[in-house]
Amino acid sequence: MFGIPTHSIAIPATGEHFSCKDHEALLAAMVKLGRRGIPVGCLNGGCGVCKVRVLKGSVVATGPISRAHVSQEEADANITLACRTAPTSDLELEILGKMKKSFLAQCSKP
Amino acid sequence: MGVMRIGHINVKVMDMAAALQHYEKVLGMKTVHTDADGNAYLKCWDEWDKYSLILTETDQAGLNHVAYKVEKETDLDELQQRIEASGTATEMLPEGTMPFTGRLLKFNLPSGHEMRLYATKECVGTDVGSTNPDPWPDDIKGAGVHWLDHCLLMCELNPAAGINKVAESTDFMMNVLDFNMAERVMVGPNGDIPAATWLFRTSTPHDIAFVGGERMGLHHFAFFLNDWSAILKSADVMAKNKVKIDVAPTRHGITRGETIYFFDPSGNRNETFAGLGYMAQPDRPVITWTEDQLWRGIFFHSGEESGSFTTAYT
Chain G
410 MFGIPTHSIA IPATGEHFSC KDHEALLAAM VKLGRRGIPV GCLNGGCGVC KVRVLKGSVV
470 ATGPISRAHV SQEEADANIT LACRTAPTSD LELEILGKMK KSFLAQCSKP
Chain S
1224 MGVMRIGHIN VKVMDMAAAL QHYEKVLGMK TVHTDADGNA YLKCWDEWDK YSLILTETDQ
1284 AGLNHVAYKV EKETDLDELQ QRIEASGTAT EMLPEGTMPF TGRLLKFNLP SGHEMRLYAT
1344 KECVGTDVGS TNPDPWPDDI KGAGVHWLDH CLLMCELNPA AGINKVAEST DFMMNVLDFN
1404 MAERVMVGPN GDIPAATWLF RTSTPHDIAF VGGERMGLHH FAFFLNDWSA ILKSADVMAK
1464 NKVKIDVAPT RHGITRGETI YFFDPSGNRN ETFAGLGYMA QPDRPVITWT EDQLWRGIFF
1524 HSGEESGSFT TAYT
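So the protein lines, in turn, are chains G and S. Plus 409 on top of the position in the first sequence (first one is 1) and you've got the working numbering. Plus 1223 on top of the position in the second sequence (first one is 1) and you've got the working numbering.
Please keep in mind that the hints were generated in silico from the structure rather than gathered at the bench. Backbone N, C-alpha and C fix where the C-beta goes; we use that ideal spot for every residue, glycine too. Fair warning: there could be bad hints in the mix.
Derived DSS-like pairs (lysine-lysine); straight-line CA-CA distance at most 25 Å [said to hold, decoys possible]:
hint : chain 1 : residue 1 : chain 2 : residue 2
1    : S       : LYS1253   : S       : LYS1364
2    : G       : LYS465    : G       : LYS430
3    : S       : LYS1465   : S       : LYS1248
4    : G       : LYS441    : S       : LYS1295
5    : G       : LYS430    : S       : LYS1465
6    : S       : LYS1465   : G       : LYS441
7    : S       : LYS1295   : S       : LYS1248
8    : S       : LYS1253   : S       : LYS1273
9    : S       : LYS1248   : S       : LYS1273
10   : S       : LYS1463   : G       : LYS441
11   : G       : LYS509    : G       : LYS441
12   : G       : LYS509    : G       : LYS430
13   : S       : LYS1467   : G       : LYS509
14   : S       : LYS1456   : S       : LYS1467
15   : S       : LYS1329   : S       : LYS1295
16   : S       : LYS1253   : S       : LYS1456
17   : G       : LYS430    : S       : LYS1463
18   : S       : LYS1364   : S       : LYS1295
19   : S       : LYS1329   : S       : LYS1456
20   : G       : LYS509    : G       : LYS465
21   : G       : LYS465    : G       : LYS510
22   : S       : LYS1253   : S       : LYS1292
23   : G       : LYS430    : S       : LYS1467
24   : S       : LYS1467   : G       : LYS507
Rough simulated footprint, nothing fancy, chain G against chain S, three-plus residues with beta-carbon under 8 Å [what the hints assert, rightly or not]:
hint : segment
25   : 1283-1295
26   : 1485-1494
27   : 1524-1535
Only chain S is shown next, with the shape it has when bound in the complex:
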C-alpha cells in the first residue's frame, strides 16, 4: 500500500510549439491529449498509464506540481489523515479535476513544492501491449525514453540562518509517506548537515531527490533508458537537434546511474538516466557522501564541479 512511484510532472514552458518538438522529437514521447486550456499531455512508450508529462504554457519555466501514484483509493484517505496530523494542510481535488485521473490529494512539501497523490489514472497499456509483446515498438522517435523516472527538487538551505528545507522535506517524505533513504550528502564542519538526499519507494535508488540551494526550484526531471549505449544514442539525438547538453555522458557515484543532463527549450533541465543502479531495500544501509567527496558522488569520472550545475535551475 501507499506510494508506488512517480506518476506525472507538470512543468511550465514559455513556447509550447518548441516544447512539443523537444519532448516528441528528442525524447520520443507522444502527445495523447490537449485540454481546453491548451495544456499538453504526453506519454512515454513503455508507460501504461495515459500520461506522465503535462506542459503548461506561461511566461516562465519551472515546476507546477509533481504527482506520485498510490496503490489504492483508500490510501489517499489514510495519507490525507497522516499528512494533516503532521501539520500540513491538504486539499482533495475531485475526480475529473485532471483528465483521465481520479481524486488528487494536493499539498505542499516543507520546501514549498506542490505535490499531489492519486490512485487512479486511465490505463492505456504500453506501446508493445501486454500479450506476447515485442521488446520495443517500431515507431520510436529520438531517444525513445521508457518512462518518467524521478525528479530532483532544489530546497532552501541556509545553515547560518537555521534553514534546512532538505532535512524537513526528507523527514516528511520518510515519516509521513514512508519513503526510504538510499543515499545522502552530509556537509559542515562536523559533517552533520544533510545537504542532499535520495529517497525511494520502488526498488531503485531514487524516486525523488532533494538538494540544498539558495532558493526552491526544479533542478531536473529524468527519463529512463536501458543502458550506456542508449545514453550515447540519446546524446547523438541531442546533437542532431542542437539541444544544449549541460553535462556530457558520464556516471553518477550516487545511485550508480549513467546520465546526460540537457535543457528543454524553456531552460528546464532534463536527464536521460540509465541503469537500475542497485537493489534498493528499506533495510539496506544508507550510503553517505562526505563534503570532500560530494562531487565524486555527483560526477564519478571527473569528481569535479561542473559549470552552473548547482546554480542554474528553474
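Just chain G, with the same shape it has in the complex:
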C-alpha cells in the first residue's frame, strides 16, 4: 500500500502470517495479529521478552539489543529481538523463550 514494500512473515509453529513493511520492526507488525499472547515489553531492545529466530529470509537491525538477552553465539545463529529487527524479504520466524510459551498458549486454532 502507498508504494511501501511489504513482506510476508510466516510463523510455522502456529501457521500464522502477518505482513510487515520494509524497515518496520517485526514486533510492531506482529501486534497487528490482533490477539493476546504477544508480550510487548520495552520495545527498545533492553528486556528480551520478544526473542525470535529468523529461520528463512533476510533482516536488518533497527537499533542495539541487549547482550544480556542475546549472546554473540545466539546472534550468530540468527537469534534476535523482534522489536529491533526489520525484514528486507519475506521471512519465517520461530518464537523463542518467554514469548514462545504465551504466544503458543494464546494461539486459537480454528
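Model the placement of chain S on the given structure of chain G, informed by the hints.
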C-alpha cells in the same frame, strides 16, 4: 543517623545520545558532568546534590548500582561493621572513586544487586536556590521531574525451590540498614510467602521496593512529580517525543501514588510518580495486600494485570 534517602542510580544504556535526549528532553534533567570514561551525570532541578543519575554506555540495559545517602561519615563506618557482622562482604571505596562524592561503602544485597552508601556529595543547590526561592525555575524542559524518588528491584522468587530473595533482601534492609516496612504482598496457599515489599527511611511509603520474579533485575526507577496534573502533562511530553508508554496514567493502591510507566531508549523502565502517599512512620501498621487483590494494589483503577509489567524488565 543512618540512611536518609536514595542518592543516585547508575544504569546501563546502549545508545548514549538517545539516552541523553530522553533524560534531558523528556524528563527534564540536566547533564552536569561527563567523566573520562564517557559516563554522563545528570541532576533534577529540585535536587541539591550534584547528580542523581549516571548513564553508562555498554552493550546491554539494566542496573549497575543504586546508592543511598547516609547522614554522617561515621555512619559509613558503623554500617560497615553491621553489614559485615550480618555476613555480607563490603568494600570501602575511597573518596574520589566517583566524582564530587566522598567514600562509598559497596556491597551486594542478598538479591545480588549492588548497593552503595555514601555520606558526602558536592552540594550545588536546587535550581531555585535557597534564598527567597521561586516555587519552580523558568527553564524546565519536558516533564520537569523534581527528584529521583525510589527504585524497584526484581528479586529471584521460587518458593518450590525454597528461594525467596525478596524476603532475604527485605530482612537485610530492615535489620541491618534500619528500613521500615510500609506495605507488602503475601501469596501462596496460606498467604505466608512475601512476594513484594515497600520499604522506607523517609516519611513517604517507599524509598525502595522488592518484587519477586524469575531472575534478578531492575524493574524501574522513579522520579517525583507534584500532582495528577503534572502526571498528565508528563504523558503529553512522552507522546510528543514518541516515548513508549508502558502503563497509562493511573493510581497505585499500594503507596496511593499516581503514576505513569514508560521506557527509556534502551528499555529501562522509568516511572513518573506523584503524591507523597501518606505519612510513613515506623509505628504505622504495615499494610498487607493478599494474592487475590494484588493487581488492585498495583493498578487500583483496573485491578488487572497489565501486559508484560511483571515479565519485561532489564
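**Report entry** Hints not upheld, ascending by number
**Finding:** Result: hints 4, 7, 18, 19 break, sorted rising.
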